[in-house]
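Fit chain B to the supplied structure of chain A, relying on the hints for placement.
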Amino acid sequence: MDHTPLSESWIKRINVLQLVLAGILIMSPTAWMVLSSFKPSFEVTAYPPTLIFSPTVENYSQLMETTPFFSYAINSMIVTLGSAGLGLLFGIPAAFAVSWTRISWPAVLTLAARMAPGTLFLLPWYMMFREVGMIGSYAALILSHAVITLPIVIWVLLPSFDNIPRSIFEAAQVDGCSVTRILWKIAMPLVGSGIAVAAILSFVFSWNYFLFALVLSNGDSKTLIAAAFNFVGEGSTQWGALMAAATLIALPPLVLAAIVQRWLVSGLTLGAVKG
Amino acid sequence: MAAISIRNLVKRYGNFTVVPDLSLEIADQEFVVFVGPSGCGKSTLLRIIAGLEPITSGELLIGDKRVNGVPAAQRDIAMVFQDYALYPHMRVYDNMAFALELRGMPKPEIDARVRQAAAMLHIEAYLDRKPKELSGGQRQRVAMGRAIVRNPQVFLFDEPLSNLDAKLRAQVRAEIKSLSLQLRTTMVFVTHDQIEAMTMADRIVVLQNGIVQQYDTPEVVYERPANQFVAGFIGSPTMNFFPVELRGDAAAFEHDGAPVPLDAAARARLRGAAGKAVLGIRPEHFDVVSGVEGSAIPVVIKLVEPLGSDTLIHFDVAGTAAIARVDPAMKPKVGERLSLLPQPDKIHLFDAATGEVLR
Chain A
8 MDHTPLSESW IKRINVLQLV LAGILIMSPT AWMVLSSFKP SFEVTAYPPT LIFSPTVENY
68 SQLMETTPFF SYAINSMIVT LGSAGLGLLF GIPAAFAVSW TRISWPAVLT LAARMAPGTL
128 FLLPWYMMFR EVGMIGSYAA LILSHAVITL PIVIWVLLPS FDNIPRSIFE AAQVDGCSVT
188 RILWKIAMPL VGSGIAVAAI LSFVFSWNYF LFALVLSNGD SKTLIAAAFN FVGEGSTQWG
248 ALMAAATLIA LPPLVLAAIV QRWLVSGLTL GAVKG
Chain B
-14 MAAISIRNLV KRYGNFTVVP DLSLEIADQE FVVFVGPSGC GKSTLLRIIA GLEPITSGEL
46 LIGDKRVNGV PAAQRDIAMV FQDYALYPHM RVYDNMAFAL ELRGMPKPEI DARVRQAAAM
106 LHIEAYLDRK PKELSGGQRQ RVAMGRAIVR NPQVFLFDEP LSNLDAKLRA QVRAEIKSLS
166 LQLRTTMVFV THDQIEAMTM ADRIVVLQNG IVQQYDTPEV VYERPANQFV AGFIGSPTMN
226 FFPVELRGDA AAFEHDGAPV PLDAAARARL RGAAGKAVLG IRPEHFDVVS GVEGSAIPVV
286 IKLVEPLGSD TLIHFDVAGT AAIARVDPAM KPKVGERLSL LPQPDKIHLF DAATGEVLR
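Which chain is which? The protein sequence lines are A and B, in order. Numbering-wise (the numbering used here), the first sequence opens with residue 8 and increments by one. Numbering-wise (the numbering used here), the second sequence opens with residue -14 and increments by one.
Rather than coming from a laboratory, the hints here were simulated on the basis of the structure.
Pairwise CB distance ranges, derived in the manner of DEER restraints: (1) A:LEU88 with B:SER163: 53 to 61 Å; (2) A:ASP169 with B:VAL205: 41 to 49 Å; (3) A:GLU72 with B:GLU86: 56 to 64 Å; (4) B:GLN101 with A:ILE110: 36 to 44 Å; (5) B:LYS117 with A:ASP169: 14 to 22 Å; (6) B:GLN59 with A:ASP169: 23 to 31 Å; (7) B:ASN148 with A:TRP191: 25 to 33 Å; (8) B:ALA97 with A:ILE110: 42 to 50 Å; (9) A:LYS19 with B:GLU118: 35 to 43 Å; (10) B:TYR(-2) with A:LYS19: 48 to 56 Å; (11) B:GLU86 with A:PHE236: 49 to 57 Å.
Note that the Cβ used here is the ideal one computed from N, Cα and C, for glycine as well.
This is chain A alone, in the form it adopts within the complex (with noise of 0.2 Å):
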């Protein structure tokens, strides 16, 4: 029995040290992005990899100085907010009434549209939009990155409405209320922070998306993340310029996921606590 204390003491020891690894493993890869956009340029390609530096904001000055940062920044608010709302336009109703129908086929066939490579849809929508001349539009990105939110939507709100007790519809139905301003009235205020989370990851997926934007855009519409493609190989490759852009790429759905990580966890509660 003396022995207990022990091995639960390296229970803890190991526990610390899993963290630590995926720490390492998860957070490196951003350190070294975030650390290398303030770094001389010189220094950025250098090996070994310099731990102390003059920290400069050179790369960003020059970032915006040599590319149309901000016009394409614009682009990816755009399409992102565009199909974050064409998701939960669609979405909540779509949720809605799988729940309230408990038919679940259409949120299956979403869930496999989601899962199926992007490439399935690349080649028939570039044809298709090629047909109509939308090539280059919002209205194809925004079309194309609602494929990425609508499935968000459905499924982060499903369990949300599946767990509002069915009597509380029912007299809501006795009452006099239609279905339509059932979801309305009654359950859209019930589900309030998985709105809030299902719009924040869509606003995530939606902007990290690069396939589509990548073939679906022209030099006008393109993306963020699209166009920081393009810095590579454009002449010579600024590196630090690049990590700068990385960085202020990664910036708004770091700082949203810190935000939903909260609310996902109280909107996972929610249904536990039944007022």
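Just chain B now, with coordinates in the frame of chain A:
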């Protein structure tokens, strides 16, 4: 206010029949209680009246209007749910005002109705609270308030007391009863608790397997149960049942042939049923006779349960466990020998095969 007519109603879920063929008339302003064991179809029936379950076949009329296929929202009924089903994100006031707002009622009238109902239910102090800030009993009142403000044609209650503790349940039970006298609206109340059924109903519907076993006033259901199921379901402790038969001209327990004190009328009913029947006696319908009387049933007390107002004694008769309700002043003791005599006008005889009462 409206009467409810159910005509040849059938309800199936796939191949599973919940209600095989049910007809029922509920009069205007009547308080009817559906009672029965779980799975008897009482809640399904209530939900059908509410419009929350579709009808497989048959007819349902509220008022004079056929409402088959009419959505719940358009039936002008109000329902109190077992879990109260209050809107968690709305204040008590808004919970009660919601249905009226949906109907586009002017704000001052909504306000007047909500406050009147709140006063009636003594919940004025909680109008600004959210449901989660209320106790179970308070939520129950809000759920009733939400129904009352509507001034609907019919009130439906789906086991609304089952989540309350025993003391509160008795209190709310009486309140609902007095409310029903005040409001004079048709009310249908579902419960599995026969005491709620007895105390509140104008008429009781006893259901088993989706079939109406008896539909009558509480007094009649208690005093003249239509069959052995009703007899056993209504009344607490439950009625004692003993298989009996005629041996020659005398009645005897089938188990051991010991004589049963039945009068000539009862023996005639027994003879009508080919000499075999089930004898039913409620625990409160035994007379204790002193000493050994020829016709009385001799018993040995196995267990004593003092309830204060009465005392229950447990014993075996003819191989069957039985209970009698006696005067506490008797101070019965375990192991004591007694002689019990069933009150002749209070005995029940049921057909041994069908359970139907022998008249």
